[in-house]
Amino acid sequence: MAGLASDRRRQVRKNFRSPVPVRWLGRTVMKSLFSRRQFGLLTASVMIPFATGSRKARASGAVTIIADDAVAATIVVPKERLPSVSYAAKELAWHLGKATSSSAVVIGEDVLHAHDASRPMIYLGRTRFAIDHRVDTDACPPEGCIIRTIGKDLCIAGVDHGGDPLDEDTSAGTLFGVYELLETYLGVRWLWPGELGTFVPSKGRWVIDPIDRICVPKLMMRHVRFGAKMKSETHPELGFSASAEKAYSRAQAVYMRRHRLGRRYRLNYGHAFTDWWKKYGKAHPEWFQLVDGRRGPTKRGGRYSMCISNPVLHRKIVERADLRRYAGALSVVNAVENDIPGLCQCNVCRALDGPEPADYRNFVSPGSKIADLPVVTDRYARSWLAIQRVAARENPKATVIGYAYFNYFAAPSPSVKLNENVLVGFCPSSWFYPRTSAEQAWMKQQWNGWAATGARIFMRTNYFLDGYCMPFVFAHQFADDFRNAALNGLVGTDFDSLTGQWATQGPTLYLMMCLQTRPSTPADVILDEYYSCFGAAADHIRAYFSYWETYTARYRDSIDALFEERRASRWGSFAKAADLVFPETCFAPAEHFLDSAEQAAADDAEASERVSFLRLGLEHARLCVQAARALAPVGAIGISIPDSDALKKLIAFRRSHETTWISNFNHCAWVEEQSWF
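Under my numbering, the final residue of the sequence shown carries the number 1222; numbering is consecutive throughout.
The reader is advised that the hints may include incorrect statements.
[Stated by the list, open to error] With a Cα cut of at most 20 angstroms, we get these calculated SDA-like pairs of lysine to any residue:
1) K624 <-> A659
2) K774 <-> G1034
3) K914 <-> E1110
4) K763 <-> L1107
5) K697 <-> R664
6) K697 <-> R758
7) K914 <-> E901
8) K697 <-> R750
9) K942 <-> K824
10) K989 <-> G970
11) K914 <-> W976
12) K763 <-> K827
13) K827 <-> Y810
14) K697 <-> D613
15) K942 <-> P973
16) K624 <-> G708
17) K748 <-> G732
18) K914 <-> L835
19) K914 <-> L1107
20) K914 <-> P856
21) K624 <-> V656
22) K824 <-> E864
[Said to hold, decoys possible] Simulated restraints, written as ranges between beta carbons of each label pair:
23) T609 <-> R673: 16 to 26 angstroms
24) D661 <-> N993: 23 to 33 angstroms
25) A787 <-> S1189: 54 to 64 angstroms
To be clear, the hints were calculated from the coordinates, so they are not data collected in a lab.
Quick reminder that beta carbons are idealized off the backbone N, C-alpha and C, glycines included.
The whole structure should be built from the sequences, with the hints applied where relevant.
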């Protein structure tokens, strides 16, 4: 199979055109686009057209981008330009070249006088042309841009800041405008990192009708934790080589930026009190949990929660935020509890607790770490509000961030009311997909209950750590969750994490990326985009992933027992139980779908290569199952692991295919280290 795939790739490289270079007045500058990688409290619509008649009148004429199978427009950048604008020009030129097999010209506005003035121009960034035609980006929030046709020319100008254009904390409005143009008007699709995952329709002619739009990402934060840094320290041979790791990280960063991941302001939050016992425990033990009559950790070096109701603690939390430094500006007070349930038993904390929801125990697993704990949601919600009121004395714009987590995850009592200066990360510690229909409905009720408090809510879920490299597909259930959130107060995302299993979990990952920019688009519309990039094989690929999604859903009733049998965790040691959840018998039906897809795509080199990409992913998953069958039962009882042929085959496969990006092998190795050794 590996040899067949290699032969197919060589044939595709022979037949399928490579992207053409960018020319700066004839000088080639395109070497590689694939080399590294805030959050605001402003919500705007994804695409806001100008409302006034005078502004709409400025959009005039159609703009010819491609004519006679060649790029007809010249890309113009300011004489003095920020890195993100230069990068936007390269990205636009690269995609236009791929659509036409011709070179796109990028020119500085300062030498435009020497260029053919009859050609259409695409002006990027803060050009003199944009200024003269009153394309006023000062009206845009960070990450926003204006896309406007002016006569025969097109202007894309956004709010651009200095810094690495691939850094999510860099406002790159012009770059986002380029991606909006490519995705919405040209039909470009970014399925997975790298060229094969980039679908650009061939165009003999492309004319843009008059446009006058402001584009601003709807969600104030669109963030997926990078995932590429999770790797095995003791068995690095299971992961990427150093060179492949660097290349993969770059390709993934490019991919994520194409999906407009980013945030409007740099905000720091996370478990806030991990070192506080060491710093303050002796002087202020009353700030820490009271458990069985004692303050602080229950064992030396152990985790601990805070006495979150303590008003002196509230003042210290605000003091540490240094709000005066940011007076008059957006600032954050990090009140995220440590990575542990809320355990304080003091009378003040308990007095703040509300009644336990009547159906709560129906949805908490008896084996869960919170099964025997009381629900303490109300004490946390009320305490965040108290902290916010303290902070507002110094800075009315101060925003307190907390997590709805562990035994304070369930929605608070209806009487609890917060405000928009309390930002809650919805972070259930369990309830991974797949879920029963009752579980799905209950989880949405918890989200809606938090939204009803008046706080702002962002998705801070850990669901995407699940699944290892298996074809573990939960696209529709996730989309249903996301859709409910988007309709009920969702302001941002912070998903943990992007494990990068592109060839086995592709539709779910594509949905996750696209919904963050297009939250109102139906899931099946987005999935149809994904499948259509397989050409004549689209229906077969849809059936292939439908098989795996149905298979995944069927395991809802047994998956917890299988993981308990191997003492495995869904997110950290899935490879312990991979052979139980995905036995050898499950792979043969899936291969038939890929066989049919391969036949259907035989006359389309690019689509055929994408089918081979999925087949490699399935082969890799199968090798991992074989290794799990050989190693997991041994590792689970804690004795040394014998030399394994299955492991050798897996490592050899990864070395041969590590630059295909079918999988983030580093993350696989991280899971395997905790599963087999």
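Verification of the supplied hints:
For the suggested pair K624 and A659, the alpha carbons sit about 14 angstroms apart, so the restraint of at most 20 angstroms is met. Between the alpha carbons of K774 and G1034 the distance comes to roughly 32 angstroms, so the proposed pair goes past 20 angstroms and is violated. With a C-alpha separation of about 17 angstroms, the suggested pair K914 and E1110 falls inside the 20 angstroms cut-off, and the hint holds. At roughly 40 angstroms between alpha-carbon atoms, K763 and L1107 are farther apart than 20 angstroms, so this suggested pair is violated.
A distance of roughly 8 angstroms separates the Cα atoms of K697 and R664; the hinted pair therefore holds under the 20 angstroms criterion. At most 20 angstroms may separate the alpha-carbon atoms for a hinted pair to count; K697 and R758 meet this at roughly 17 angstroms. In summary, the hint linking K914 to E901 is supported, as the alpha carbons are separated by about 17 angstroms, within the 20 angstroms threshold. Restraint check for K697 and R750: the C-alpha separation of about 15 angstroms stays at or below 20 angstroms, so the hint holds.
Only pairs whose Cα atoms come within 20 angstroms are accepted, and K942 paired with K824 is rejected, the gap being roughly 29 angstroms. Proposed proximity of K989 and G970 is supported: the alpha carbons are some 15 angstroms apart, at most 20 angstroms. Straight-line distance between C-alpha atoms of K914 and W976 comes to about 13 angstroms, which keeps the hinted pair within the 20 angstroms bound. Our distance criterion of 20 angstroms between C-alpha atoms is broken by K763 and K827, whose separation comes to about 46 angstroms.
With a C-alpha separation of about 36 angstroms, the suggested pair K827 and Y810 falls outside the 20 angstroms cut-off, and the hint is violated. This hinted pair checks out: K697 and D613 have alpha carbons roughly 17 angstroms apart, not beyond 20 angstroms. A threshold of 20 angstroms between alpha carbons decides the hint, and for K942 with P973 the separation of about 28 angstroms lies outside it, so the pair is violated. Distance restraint check for K624 and G708: the Cα-Cα separation of roughly 18 angstroms lies within the 20 angstroms cut-off, and the hinted pair is therefore satisfied.
Between the alpha carbons of K748 and G732 the distance comes to roughly 11 angstroms, so the proposed pair stays at or under 20 angstroms and holds. For a cut-off of 20 angstroms, the pair hint linking K914 to L835 stands: about 19 angstroms separates their Cα positions. Under the criterion of a C-alpha separation no larger than 20 angstroms, the hint pairing K914 with L1107 is consistent with the structure, at around 18 angstroms. The straight-line distance between the Cα atoms of K914 and P856 is roughly 29 angstroms, outside the 20 angstroms bound, and the hint therefore fails.
In summary, the hint linking K624 to V656 is supported, as the alpha carbons are separated by about 8 angstroms, within the 20 angstroms threshold. Restraint check for K824 and E864: the C-alpha separation of about 15 angstroms stays at or below 20 angstroms, so the hint holds. Checked against the hint of 16 to 26 angstroms, the pair T609 and R673 passes, with Cβ atoms roughly 22 angstroms apart. For the pair D661 and N993, the beta carbons lie near 58 angstroms from each other, so the given range of 23 to 33 angstroms is not met.
For the pair A787 and S1189, the supplied restraint of 54 to 64 angstroms is violated, since their beta-carbon distance comes to about 25 angstroms.
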